[in-house]
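Chemist: Listed below are the residues making up each chain.
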Amino acid sequence: MSDYQTIREAVRQWESNVDKVLQRFPERKPQFCTGSGIPLECVYLPTEQASEHYLDKLGFPGDYPYTRGVQPTMYRGRLWTMRQYAGFGTAEESNARYKYLLSQGQTGLSVAFDLPTQIGYDSDDPHSVGEVGKVGVAIDTLGDMEILFDGIPLDQVSTSMTINAPAAVLLAFYIAVAEKQGVSKDKLRGTIQNDILKEYIARGTYIFPPKPSIRLITDIFAFCSIEVPNWNTISISGYHIREAGSTAVQEVAFTLADGIEYVKAALAAGLDIDDFAGRLSFFFNSHNDLLEEVAKFRAARRVWARVMQEKFHARNPKSLMLRFHTQTAGSTLTAQQPDNNIVRVAIQTLAAVLGGTQSLHTNSRDEALSLPSEESVRIALRTQQIVAYESGVADTIDPLGGSYAIEALTDRIEEETWAYLDKIESVGGMVHAIEAGYPQKEIQDAAYAVQKQIEAGERVVVGVNKFTVKEDAPKGLLRVDPRLRQVQIEKLQQVRAGRSAAELEKSLHELQTAARDSSQNLLPVILQAVQNYATLGEICNVLRQEFGEYRESIVL
Amino acid sequence: MERKIRILIAKPGLDGHDRGAKYIARALKDAGYEVIYTGIRQSPESIVRTALQEDVDFVGLSLLSGAHNELFPAVVDELQRQGAQDVVVFGGGVIPDSDIAYLRDKGVEAVFTPGTSISAVIDFIEANRERVVSR
Amino acid sequence: MTLADGVRQGQQRAIARAISLVENDLPGREELIDRLYPSTGKAVVLGLTGPPGAGKSTLLDRLLSEERKAGRKAAVIAVDPSSPFTGGALLGDRLRMQSHALDPGVYIRSMASRGHLGGIAGATADAVKIFDAAGYDRVIVETLGVGQTEIEIAQLSDLVLLVLVPGLGDEIQALKAGIMEIGDIYVINKSDKDESARLRAEVDYVLSLANPTPERPVPPVVMVSALFDRGIDDLIDSIAGRLQRYAETGEIDRRRRLRLRRELRQQLQSKINDHIERKVEIDRQMDQWVERLISHQETPYALINRQIEWIFKEMDRS
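Chains as they are written, first to last, in my numbering: chain A, 38 to 593; chain B, 25 to 159; chain C, 3 to 320.
A couple of the hints might just be wrong.
Computed footprint of chain C on chain B; a stretch qualifies when at least three of its residues, placed anywhere within it, have a C-beta under 8 angstroms from a C-beta of chain C [stated by the list, open to error]:
| # | stretch |
| --- | --- |
| 1 | 46 to 56 |
| 2 | 69 to 79 |
Calculated from the model, a selection of chain A residues having no Cβ within reach of chain B, i.e. all distances over 12 angstroms [as the list claims (entries may be wrong)]:
| # | residue |
| --- | --- |
| 3 | Glu130 |
| 4 | Val166 |
| 5 | His277 |
| 6 | Glu280 |
| 7 | Lys355 |
| 8 | Ala383 |
| 9 | His469 |
| 10 | Ile480 |
| 11 | Ala510 |
| 12 | Ala552 |
The hints are simulated quantities; they were obtained by calculation from the structure and are not laboratory data. Ideal Cβ positions, reconstructed from N, Cα and C, are used throughout, including at glycine.
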């Protein structure tokens, strides 16, 4: 009898014993599932094929298909980048917060922009009323960007910018500030989110229709591959898809489907796969369901490696690696008993690290109430540091690899991801799927089902629908000064008054001409316009004129 | 036949987080109301015009970006300007307690914060049924 | 000022109230419509129908822009189904038309199909009259092309656009199942998709099986991409061409008469029905009749004929 048969025999014996126990002490629930509804067995056992398929399915850290991690030494070599997303109010206030975070041991910057900036409106635009400086910093001109990074040498930090529709403009601002600091483009390290498809699906800060939006993205790929070679040109994001209520599988599947669409677009624009694929990065969510999340990250790496090798025939190993940033799940944080959120974030941090993330943002406990206070931000950063330096989980690579449960869940998530990818391919790719409202509808249905379960008490949210207490209103919340818009408008007017009208006119005209000719790369003309102090809104308005505006496509 | 209650769920401002708005819209439909959803990025003026054309009894505003103190009252004021002060306005989102009194004072009749059960919203609507039906 | 005056002056809120009155079948409905009727008859009524996911609202959004460019005021009635279980409805069609929300020349109203006695068609027909009296040049009725209700609503129109889209798989079935008879123009949306040429060939084939008449020649098939703004001009030309032709051949006139006939018949029937129900309280007797049948004390037709005789006698007496 083989070892495996011996085990099977023993399992049968064990199961019959368990049956007897169950008759007297039934389980807590008729069916156990992961947070996303994947059914769980009572215990996972060795499978016959495990070692047979080891090299094919798991391999070694830093080796195809990268299930166990993208670097050979992972955190034994270098810990992940601790990168807290921050920004609010004016450039001055945000600059002070960045300096504080760097002084506390943070290793990279992550800029949050306000909504007018993300949608390409200046602070004095009527659309901006009420929104200036609210969810991030307000940036209208190169002048604001100079203040934002004042005293922060851009050759020594890596900066991530959550900017999508106008990503090209903000990248141009960044390059222009660096040049003023005497730092050349090739020294710059960082990431722009630049992922428009998930804006249509889940996040909503789109400006232009898909076609010109994707052109802007591929223009950035082409420009950076030569001029800013250490820049991550896109962060293909599942984070917001998950925040909108998707399951873990949908998060992976729709994100990778977006990635596939970008690769196709870049190839169609004439780029070589290995020239840009290594600069693609990803951004995922880390939820409370620890095991499912760890499996999710591992499955995502494996599927992407296969897609890149088998579908797109990439040869450079860097092109096959799914590198990703992670943020803990804002949607799991509760306004009730907000200190409990520290514990949730700790579990999510663990999931991200056990899943092999390259960088991490940990949310602050008070986010369901208002903008995070300085104290809350510090606790969030400390959470990462405790996991990094005290828990020991960073000291061996992929420590959960080989766990029967983790491997089974990884396989399951991979399988369901392929099913979604096939379905999306069959309707003509992700742009068509989005226009038909398909991923939006899938996410909506999943979100609705979960919310129903919470309302019915079938899904416990501690402090919300169980273990509740009577609470006083929280104190010490950070607020943005409502007069901020006025301050920002005055700064904007000063910039407008101090620039050369002729130079401005000329560069906006060149932008318009370039926009009409899709064979021309837009980055150099945008860079020139920002150097002539064209505002974000002025640049985006020229492009709105030429490209038109996208309108929401959802199916209720 | 019982007169149907019609509710507009609207998202003012630039905020694209529509998970809450869509959930409320769908849950109110399941509770038997006729719900109209505007989609994101609506100006106070377009929300009010939509409310008028659709002859709704309630307008529910959802906003997570923190611009509620500016935008919620703007909708109430515009309704008033159009002679539609009988339409009941309520709101939801990440709204600190300290703002709720201000918003109520400005004519936003109820404010629902994260974690509120849908039954609280339905109770609010039913408590106002007589008033809106007899208008 | 009466509600009817407000409607005739085109006041937004009066129109809204008038439609609610009709929709809820509240007292005053008949008087309102009778007051408005003399001011009706000028609007052209377009029907827009097609399966879910065909991109009807996006197309409608583009059509509205064209109507406005041509200087015409346009109203949309977007009909969506009510849930048969809760009676609730989620009306999201206007979502894709919100760019017109502030245009005083555009009016969009969402209607739930509800459990209307006499059908949603009755309420929609009255809503069309309200917009007509309020001075809208075009009234476009948008419905989900899936069943009898939608066909009824389409029959309210002077011209029906049937929107199809490649990749849904069931459109040709729907064509064969008889919906094809209601289309005056076939619009193949999402023409940017690869499969749209194949769909066009299939539609052409199905249409070639129909029997064209001089009044109603073979419907044109127009390829558009509402999303990429392609083919909209062709569609506008087709609509104008068809309307002109129908006006010349008297087809529009024929349809309007047919429509009135249908409306009259429906109203008459439902009124007679109401009257009988009220007079003889059929509901109250029904239990007893069912009892007699289930226990085999009587046979169905004998019972029905006996009861009809009785009903007429009751009516005569009062």
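Chemist: For A/Lys355, is the shortest CB-to-CB distance to chain B above 12 angstroms, so the non-interface label stands?
Modeler: holds, 33 angstroms
Chemist: When you look at the beta carbon of A/Ala383, is every beta carbon of chain B farther off than 12 angstroms?
Modeler: It holds; A/Ala383 is separated from chain B by about 21 angstroms at its closest Cβ, greater than 12 angstroms.
Chemist: Examine each Cβ of chain B, and state whether all of them lie more than 12 angstroms from the Cβ of A/Ile480.
Modeler: violated, 9 angstroms
Chemist: Check whether three or more residues of the stretch 69 to 79 of chain B sit with their beta carbon closer than 8 angstroms to a beta carbon of chain C.
Modeler: Coverage by chain C holds here, the residue count being 8 at a Cβ distance below 8 angstroms.
Chemist: Please check whether the beta-carbon of A/His469 is more than 12 angstroms away from every beta-carbon in chain B.
Modeler: holds, 20 angstroms
Chemist: Does A/Ala552 really sit off the interface, with its C-beta more than 12 angstroms from all C-beta atoms of chain B?
Modeler: holds, 23 angstroms
Chemist: Is the claim that A/Ala510 lies outside the interface with chain B correct, judged by CB distances over 12 angstroms?
Modeler: violated, 4 angstroms
Chemist: Over 12 angstroms from every CB of chain B: does A/His277 meet that, or does the non-interface label fail?
Modeler: violated, 9 angstroms
Chemist: Has the stretch 46 to 56 of chain B got at least three residues whose CB is nearer than 8 angstroms to a CB belonging to chain C?
Modeler: This one holds; 7 residues, not fewer than the three required, reach chain C with a Cβ under 8 angstroms.
Chemist: Any Cβ of chain B at or closer than 12 angstroms to A/Glu280, or is the non-interface label fine?
Modeler: violated, 7 angstroms
Chemist: Test the statement that A/Glu130 is away from the interface with chain B: the closest C-beta pair must be farther apart than 12 angstroms.
Modeler: The assertion about A/Glu130 holds, with a minimum of 15 angstroms to chain B.
Chemist: For A/Val166, which was marked as not at the interface, is the minimum beta-carbon distance to chain B over 12 angstroms?
Modeler: violated, 6 angstroms
Violation of the numbered hints given earlier is confined to hints 4, 5, 6, 10 and 11; the remaining hints are satisfied by the structure.
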